Structure formats: C-alpha cells, structure tokens
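S.K.: Please put together the full structure from these sequences, using the hints given.
2 protein chains.
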Amino acid sequence: MTIPPVGSHCILELYGCDPTLLNDEAFVRQALTDASREGMSTLLNLTSHAFEPQGVTALGLLAESHISIHTWPETGYAAVDVFTCGQTAQPELACALLRRRFNAAEHALRRLPRGRQAPTPQQEGVLCQAQN
Amino acid sequence: MTIPPVGSHCILELYGCDPTLLNDEAFVRQALTDASREGMSTLLNLTSHAFEPQGVTALGLLAESHISIHTWPETGYAAVDVFTCGQTAQPELACALLRRRFNAAEHALRRLPRGRQAPTPQQEGVLCQAQN
Numbered sequence: 001m002t003i004p005p006v007g008s009h010c011i012l013e014l015y016g017c018d019p020t021l022l023n024d025e026a027f028v029r030q031a032l033t034d035a036s037r038e039g040m041s042t043l044l045n046l047t048s049h050a051f052e053p054q055g056v057t058a059l060g061l062l063a064e065s066h067i068s069i070h071t072w073p074e075t076g077y078a079a080v081d082v083f084t085c086g087q088t089a090q091p092e093l094a095c096a097l098l099r100r101r102f103n104a105a106e107h108a109l110r111r112l113p114r115g116r117q118a119p120t121p122q123q124e125g126v127l128c129q130a131q132n
Numbered sequence: 001m002t003i004p005p006v007g008s009h010c011i012l013e014l015y016g017c018d019p020t021l022l023n024d025e026a027f028v029r030q031a032l033t034d035a036s037r038e039g040m041s042t043l044l045n046l047t048s049h050a051f052e053p054q055g056v057t058a059l060g061l062l063a064e065s066h067i068s069i070h071t072w073p074e075t076g077y078a079a080v081d082v083f084t085c086g087q088t089a090q091p092e093l094a095c096a097l098l099r100r101r102f103n104a105a106e107h108a109l110r111r112l113p114r115g116r117q118a119p120t121p122q123q124e125g126v127l128c129q130a131q132n
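Heads up: the protein sequence lines correspond to chains A and B, in order.
Residues in the first sequence are numbered from 1 upward in steps of one, following my numbering.
Residues in the second sequence are numbered from 1 upward in steps of one, following my numbering.
Keep in mind that the hints are not guaranteed to be accurate.
Residues from chain B that keep clear of chain A, each with C-beta distances beyond 10 Å, as calculated [stated by the list, open to error]:
#1 A26
#2 F27
#3 M40
#4 Q90
#5 L93
#6 R101
Simulated restraints on C-beta separations [stated by the list, open to error]:
#7 B/A26 / A/L44: 17 to 23 Å
#8 A/T20 / B/L93: 34 to 40 Å
#9 B/D18 / A/Q87: 26 to 32 Å
#10 A/T33 / B/F27: 27 to 33 Å
#11 A/Q54 / B/F51: 31 to 37 Å
#12 B/L93 / A/P5: 26 to 32 Å
#13 B/P53 / A/T20: 42 to 48 Å
#14 B/D18 / A/A26: 39 to 45 Å
#15 A/A105 / B/P53: 41 to 47 Å
#16 B/Q30 / A/P5: 25 to 31 Å
#17 A/Q54 / B/P53: 42 to 48 Å
Sample of chain A residues lacking proximity to chain B, with all beta carbon distances greater than 12 Å (derived) [said to hold, decoys possible]:
#18 T20
#19 L21
#20 N23
#21 D24
#22 Q30
#23 T33
#24 D34
#25 R37
#26 E38
#27 M40
#28 P53
#29 Q87
#30 L97
#31 R100
#32 R101
#33 N103
In short, the hints are calculated from the structure, not lab data.
Note that the structure is predicted; figures quoted are calculated from it, not measured.
By construction, the Cβ of each residue, glycine as well, lies at the ideal position given by its N, Cα and C atoms.
M.R.: Below, the structure is given as structure tokens:
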C-alpha cells in the first residue's frame, strides 16, 4: 500500500527565550495567530491554558492541520509543532516567526514528512535520532 | 546550554483504517478522549472540526501537553501525534488505543524526545529519515 505524502510536520525547539513572554498567555495566543498567518495557513480555532505556577499551552486548529506551543518559562524553553497538509502552507515561515517573537537564543527544527508511505515492520517504533 | 528532556512526542501514522470511523467526528472525539485516559494523561479541552467533503481534525489540550488526530477517510489514513511531558503519562498507550479504535491495518510510530538539549547548527533543519 502506498499513500502520497499529506504534508509536513515541523518540530521546533526554542531555547533561551524571554521567560516573561513565554508566560504571557495573551502574547502566546497572538504569536500563534500571527504564525499561522505567516505560514500561509488558516486558523479555524485557538485554545489555550495557563498553568500554575507557570507555563502556557496554546493549540491552533488549522484548515491545513494544527499548530501548537508549550512553554516552560523557568528554563526559557518552548516546544512547538506545526503540521500542515497541502502545497500552499509554509510551516517553516510560521516557525521562523515564533523564533523571532520569543527572542529564542537557539533553536532546532526538524521537518517530518507525514503519510508518505505504508510502514515496514522495521520502521515501527523507530526513534528519530536527529536530535539525540 | 543543556535542558533536561521535558517529555516525549509520539508521531503515529495509521494506515488502512475504517473510512467510516475516520469521518465520524463524534467517534473521533470519543477516541481522542479515551486515548488521553488510556495514556494516563488529563484532557483539559477538546476541539474538533469536520471538513467537507470529508476528514476530521480533533485537538486535545492535555495537562501534559497535547494529543491530535487528522483523518483522511478517502485513503484510510490518519495522522496522530501525542506529546506528553512528565514521567506519569504513557503516550504509547494512547497510540495503541487509537490503532485499535480505527482498525488500522498498518501503522508506524516514532517517539521523539523533546527539549533534551540545546541544538547544534548541524541539527537545524534535519529531516528525520526514519519513515522515508
């Protein structure tokens, strides 16, 4: 069975971000909204939650799939993923905006094709070694 | 700069699923709710959207991060990701429930540690080859 790729899943690590910005739920929501637009995608729904004592999660439901961010102000770290299907969206542009918006000192980006092909047994449970 | 891992991001491809189930928004929402519980995580918010002519997206905001599914009934394919932080959640159990619930004929699972370390320039833009 072969299935064409449906899109790209960008996994972005942001390090050395501004802790105040990472803990500002309204700022995080606006950043995700702007990143969706920057990535040429359509934001259909945005939900968020501010954790105690700190940290924010925001999830954007896109016409093209989803965008998410989870923040750890205490370490200046944010975990982002942007999954877009189709040929129009540019998830790397969304990632670049978030890097700038949170003043990330360092970052790492992986782009994973999704739905490209049926898996083989050897592929099941494979750990991506790209970051580790 | 070194940052300890904050959690695991499971990227799950489901192939050969039941198209009727993949296109049933209520079923997809219940599956994600049950998968969150199965994975020992806490679902704080669940949003979904049914696309025309077909396809469903559902996003769950977890106390531990997020769970998502995007379905393509026309090819029997679903793209899932389950990102959980902390030591309690078991994202593979959530993935296993979704494989069973949608009667997936084949699947592929990648587990990506998140926030493990600061990136090197060589790691930026790395394409995970595990599936391709």
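S.K.: Work down the list of hints and note, for each, if the structure agrees.
M.R.: Okay, the hints, checked on the actual structure:
1. With a least CB separation of 17 Å from chain A, B/A26 remains clear of the 10 Å interface cut-off, as annotated.
2. Listed as a non-interface residue, B/F27 keeps its Cβ farther than 10 Å from every Cβ of chain A; the least gap is roughly 18 Å.
3. Its beta-carbon lying about 18 Å from the closest one in chain A, B/M40 satisfies the requirement of being farther than 10 Å from that chain.
4. With a minimum CB-CB distance of about 14 Å to chain A, B/Q90 clears the 10 Å threshold, and the non-interface call stands.
5. B/L93, annotated as away from the interface, keeps every beta carbon of chain A farther than 10 Å; the closest lies near 14 Å.
6. Interface exclusion of B/R101 from chain A stands, the closest Cβ pair being 18 Å apart, more than 10 Å.
7. A hinted range of 17 to 23 Å holds for the C-beta pair B/A26 and A/L44, which are about 18 Å apart.
8. Checked against the hint of 34 to 40 Å, the pair A/T20 and B/L93 passes, with Cβ atoms roughly 36 Å apart.
9. Evaluation of the 26 to 32 Å hint for B/D18 and A/Q87 yields a pass: the beta carbon distance comes to about 28 Å.
10. For the hinted restraint 27 to 33 Å between A/T33 and B/F27, the CB-CB distance of approximately 30 Å keeps it satisfied.
11. Here the CB-CB span from A/Q54 to B/F51 is close to 36 Å, well matched to the stated 31 to 37 Å.
12. Between B/L93 and A/P5 the CB atoms are about 28 Å apart, so this pair conforms to the stated range of 26 to 32 Å.
13. Distance hint for B/P53 and A/T20: a CB-CB separation of about 45 Å, consistent with the stated range 42 to 48 Å.
14. For B/D18 and A/A26, the Cβ-Cβ distance of about 41 Å falls inside the hinted range of 39 to 45 Å, so the restraint holds.
15. Hint check: A/A105 to B/P53, Cβ distance near 45 Å, so the stated range 41 to 47 Å holds.
16. Take B/Q30 and A/P5: their Cβ atoms lie about 28 Å apart, and the range 25 to 31 Å holds.
17. Between A/Q54 and B/P53 the beta carbons are some 43 Å apart, a value that agrees with the proposed interval 42 to 48 Å.
18. No Cβ of chain B approaches the Cβ of A/T20 within 12 Å, the least distance being about 18 Å, so the stated non-interface status holds.
19. Once the 12 Å rule is applied to beta carbons, A/L21 is consistent with being away from chain B; the minimum gap is 17 Å.
20. With a closest Cβ-Cβ approach of about 15 Å to chain B, A/N23 is found to remain outside the 12 Å limit, as its non-interface label requires.
21. Look at A/D24: its CB is around 18 Å from the nearest CB on chain B, clear of 12 Å, so calling it non-interface holds up.
22. The beta carbon of A/Q30 is kept farther than 12 Å from every beta carbon of chain B, the shortest such distance being approximately 18 Å.
23. Distance check on A/T33: its Cβ is at least 15 Å (rounded) from any Cβ of chain B, clearing the 12 Å threshold; non-interface status holds.
24. At roughly 19 Å from the closest C-beta of chain B, the C-beta of A/D34 stays outside 12 Å, upholding its exclusion from the interface.
25. A/R37, annotated as away from the interface, keeps every beta carbon of chain B farther than 12 Å; the closest lies near 18 Å.
26. With a minimum CB-CB distance of about 18 Å to chain B, A/E38 clears the 12 Å threshold, and the non-interface call stands.
27. Once the 12 Å rule is applied to beta carbons, A/M40 is consistent with being away from chain B; the minimum gap is 18 Å.
28. For A/P53, the non-interface assignment is confirmed: its Cβ lies about 14 Å from the closest Cβ of chain B, beyond the 12 Å cut-off.
29. Every CB of chain B is more than 12 Å from the CB of A/Q87 (nearest about 15 Å), matching its label as outside the interface.
30. Its beta-carbon lying about 16 Å from the closest one in chain B, A/L97 satisfies the requirement of being farther than 12 Å from that chain.
31. Even its closest Cβ contact with chain B, about 15 Å, leaves A/R100 beyond 12 Å, as expected for a residue assigned away from the interface.
32. No Cβ of chain B approaches the Cβ of A/R101 within 12 Å, the least distance being about 18 Å, so the stated non-interface status holds.
33. Every CB of chain B lies more than 12 Å from the CB of A/N103, the least distance being 14 Å, so the non-interface label holds.
Going down the numbered hints, you'll see the structure goes against none, and every one checks out.
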